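Undergrad: The lines below spell out each chain.
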Amino acid sequence: MKNKGISNIVIYFFLIFACVIALFPFIWSAFAATHTNTQIYSIDYAFRLGSSLAENFEKLSTAFPIWKNMMNSIFIAAVYTIGILVIDSMAGYAFAKYEFKGKSLFFGLFMMSMFIPTQVTLIPLFIEMNSFQMIDTNWSIILPGFASVFGVFLMRQNFMSFPNELIESARIDGAGHFFIFIRIVLPTMRPALTSLGILSFVNQWGNFMWPLITLHSQDKYTMPLVLSLMVQPGYVTDYGAVMVGALLALAPVLIFFLIFQKNFINGMLSGALKG
Amino acid sequence: MRKKLNNLIVPYVFILPFLIFFLVFMAYPIIFSFIMCFSRYANASFVFKGLDNFKFVLNDPLFWKAMKNTFIMLIIQVPVQTFLAVVLAVFLNGKKLKGRGLMRMIIFMPILLDSVSYSIIFSIFFNYENGVVNNFLRIFLPDGPQWMNVGWLAKAVLMIAITWRWTGYNTVIMLSGLQSISDDLYEAASIDGAGRVKQFFYVTLPGLKQVLIFAVILSVTGMLQLFTEPYLLTKGGPVNETLTIVQYLYEKGFESFDFGVASAGSYILVLIIAVLTWLQLKATKED
Amino acid sequence: MKRKVLSVLLVAASVVTLAAGCGGNETNVQTSSEDGELQGEIKVYAWTQMATALSDTAERFMEENPGVTVNVEQVDGSYTKLLPELASGVGVPDVFMVQNTDILSFVKTYEGQIMDVSDIITSEEDNFVDSAIAACRASDGKYYAVPIDIGPCGLMYRTDIFEEYGINVEDIKTWDDYIEVGKQILEASDGEMRMTGFNFNGSTSQDFIKMLFAQQGGSYYNDDGTVNLTSEEMLTAAEKLKEMVDAGIMMDFPDEWNDRITALNESQICTLPYAVWYGIVMKDSVADQAGLWGVAPMPSFDGESGSVSLGGSVLAISENTEYPEVAKEFVKFSLMDADQADIMYAQSQYQAYKPYWEAECYKETDEYFGVAMGEVFSQWTDAPEMNFGEYFTDITDALSTAIGEIYINNANPADALKTAEETAQAAIDNK
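Chains as they are written, first to last, in the numbering used here: chain A, 1 to 275; chain B, 1001 to 1287; chain C, 2001 to 2431.
Simulated from the structure, these hints should not be mistaken for lab results.
On a predicted model such as this, the values are computed, not experimentally measured, just so you know.
All C-beta atoms, glycine included, are put in the ideal place defined by N, C-alpha and C.
Be aware that a few hints might be false.
Selected chain A positions facing chain C (Cβ under 10 angstroms, derived; list incomplete) [what the hints assert, rightly or not]: (1) ILE16; (2) PHE17; (3) ILE213; (4) HIS216; (5) THR237.
With a cut-off of at most 35 angstroms between alpha-carbon atoms, the simulated DSBU-like pairs for lysine-lysine come out as follows [claimed, not checked]: (6) LYS2043/C / LYS2418/C; (7) LYS2418/C / LYS68/A; (8) LYS1068/B / LYS2283/C; (9) LYS1068/B / LYS2418/C; (10) LYS1049/B / LYS2283/C.
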């Protein structure tokens, strides 16, 4: 019994230590956002509230139309997430519950594309987007993202566990294919959809390389793009302003996560991610 | 008759939206860049070059260096992260644990910080003169190390950063695996006299197998495609010690303007990832 | 059969390319209305201070030409946006900024996409600094860009610290003098005060060695066009720099741009042998030290002329621009019209077009450095010409590895540079 007490202490110690490590950069950067560029590097200021928050924000917002950038990020991530949920659950459902010609061929092709590094497709994609006249628009970021197969696999995996008998009996009752999908199957998929939704949102929110290439005007930039342009080589970085930017970039995802986190963790826990 | 036809068409209707996006934004660019492998692409036209690009890549010491760096980091980082994730998950799975929900949430949080922000923050942490880490070390030691000037230290910085960001995500995946292990198994083991450690090896690990494989494949693929962190944090330095494969490809493509070489290198990487994944799947299927 | 499949794919691939590539050109838009007024809209790419400067000249330009719209976009200095556009031949801006080291490689790689601007420059050749227009002249003798600025270098130093240690800046004539003074200060300050610093591992900047090399009039190429990184001048530069490192007078800046600012702010270094355009960075990020800095001639190898130019960029015009007249006029207006001197000078752009130097602002005393920077630096503009060639990126990549090998891994300079030379040559040979 005594043994158990000690090991419990070890467990709590380990977990609390892990939580501190996980939180440290967040807390540090929250403080850093209130300091000047020189103070940030000084240990004396690390966990004291500074007085330069307003000034840092001022610098950031003169350099970039920051609210516009924020709206772009939100719009792109939101539209992308909704699109992914619709498109991928449809495709995942077909792969889980129907037999059709070419199924394994498509599936193999999709599988293979998961191993292609995104860098491979950058130049051709750029040429394509340009011929669609979409360069420097939100859509140039959103549309290519729909080709990602991760969500299709994830949804297929979850639909597989939905009992076939229920679908059969609904069909015997005369329900149409889409009615069954939308009214009977999908509602049971809330945990999986939440997981996929949060992951897609977070992923798109942090998207960096591709927007750097396709977005051209400052008022079209997304948040990571703004941040990366502030630390470019050959340029003195104002870290105070960068930290304000980083916090602004974090806020929407954090809020989004906090709202859905219960569903999300439950979704992940119910096996939504099992491959 | 009509119903049968309907049944034939319906699945295609379901996959159609995805298929269109896939063909336009994935299949086509992949084929396009495959052609670029064998050519010099400039001014919107191709000049056939045969296998020259592949020859160049395979003979370029820098490519092999990037390969070596990537694999060193992969071989160290993935096991460490997976181990940490399993331990955290097992601890967090305790039924009587206080503050379980809150801790789960906190441990998952690092993934929410976007890759650019966290690379910048870690680069400040590991600054030699004034970074948080060295300032902390100087409390105990005469001086902190020059993180960015020693190859293995710079690699360590990258691995620490990546582990910080991704361990929580993997922990949640592991937790999902743990939840599917039935309590009966633990009870049975406990009746047989197995302690916590034995239970872990005989019940927990085998039960986690599927999820472990999934997480490891995700991590390995992610490490093989590592880009943003070395690009912003170490700039590939010192002396190319943290140059990764994808960064090498990016430099060839977007700094030296050699898209043919970049594409050829990409396809070599694709081949490696495919083989590794196949091996992983095979190794786990056999027993 | 296989070949057939490949050719089908090639055709399929080039359809999009063609469709994408033929915008703009065929529409023959009238660029000036009947009364000769300019009309049209152009897109301009530039980075950091130059973007600000060009936005300001654009405003004046638009005031004078009401029919014209100029959109200046701030981009990053590593061409992340520009390159895919040039590579695909679509979406290219009408006017874009390029480093003087890269312009010829662009002309070569993106053949036919960069406009021959000889008609603007040739008649005014004498008005430009020689080394600046030389960088825009391709092997066919034509000019493909208009030089913006040059980077004449001087020795910036902390007057207060020199006074404190009883050092007379005039005693520093050669790099050996520089090392001697550095040792004195180092000793007198108990090892705290260094002369200056650079990025020992070479991954964030290679400026210092390039400066020492260019100062001796070295060339990165042999006469036959092959890469030469093992010349007398390069070895001398590498070894002199090593001497400075070994003497302990150099600080290491792993992240050169930011670490240098920190070192300046904390008064850890007391000199900066660097280019004039760095002045604005200091005024901005080391504002507290206004009045503490002075300027002296660069130390040299022979004790005579130490003139050297570091950095400098050019403006190029796209061959496919819809409004070639507007683009040319805007470039001339910004870079070859001394009325714009105030704008450029305010952004620390030291113009390559000499008539700018006559402007009032060049003669005004700078409060930060205590002298008229424009006037003082004009004595040091006779830098040796430098041929950057068509593949300077590959040379820079290889050089950055060599720097790390020498100053971090203690490799023999000759060996490290030999390896770098071979690496660069191999990359170039594959093109």
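Undergrad: So, against the hints stated earlier in the document, which numbers end up violated here?
TA: Hints 1, 2, 6, 7, 8 and 10 are the ones this structure does not satisfy, whereas the remaining hints hold.
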